[in-house]
Amino acid sequence: MLYFCHMKCKIIAFLLVLMISFDGMSQVSARVMQVKDGDTYVLKVNESLKTVRLLNVDAPELNQSWGLQAQAKVRNLILGKYVTYEYVKTDLYDRELGRIKIGKRSLDSLLIRNGWAWHYINFNRSKKLEQLMKRASDRKLGLWECGKENVCPPWHFREYNAKFRFRYCRGCNAL
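Sequential numbering from 35 applies to the sequence shown in the working numbering.
Pairwise CB distance ranges, derived in the manner of DEER restraints:
id, residue 1, residue 2, range
1, K161, I136, 20 to 28 Å
2, N156, A208, 17 to 25 Å
3, F200, S82, 39 to 47 Å
4, N80, N158, 27 to 35 Å
Straight-line alpha carbon distances no greater than 30 Å define the calculated BS3-like cross-link-like pairs of lysine-lysine that follow:
id, residue 1, residue 2
5, K70, K174
6, K123, K70
7, K162, K174
It should be emphasised that the hints constitute simulated quantities derived from the structure, not laboratory data. Quick caveat, the model's predicted, so the values are computed rather than measured. Every residue, glycine too, gets a C-beta built ideally from N, C-alpha and C.
Given the sequences, and given the hints that come with them, work out the whole structure.
Below you can see the structure in the form of structure tokens.
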């Protein structure tokens with residue numbers, strides 16, 4: 035009898051650990067309430083608002099070349115719509131990092147395919163996303179409209195002072 039109780043406790047503990055570990059990977063339906071920039075959104079999940087940063091991409095900053103255009107394109111695509119959201123983790127700025135799908139399509143792929151964001155290679159090594167970015171740059175879509183030489187990834191833009199931003203991050207204005 036004692037052995038049966040001991041095994042039962044182990045099974046219950048295992049199931050509890052399993053439930054906790056899958057909690058962060060659950061997908062929920064959410065409504066897009068705001069598009070803060072190309073890769074950060076406010077989602078309404080149940081009755082709470084969550085600021086979510088999309089994984090795998092880095093969109094231009096709002097004050098960067100193509101930043102406002104990327105925000106407008108994403109806003110037209112998802113604002114007010116229901117999406118599937120999967121929480122992954124929280125970042126240093128207390129934003130939730132996650133994956134978002136519109137129907138069956140991943141939002142990160144859509145942004146990269148259309149040239150609205152970079153594949154964030156510092157944190158993701160997906161060959162598919164890498165190929166989508168190469169195709170968008172070859173076709174001069176979105177932020178790539180003036181060619182590969184005239185783009186400045188946001189991770190550099192954020193690091194540069196005003197002088198370097200003016201020199202290296204002017205986009206099509208550099209021509």
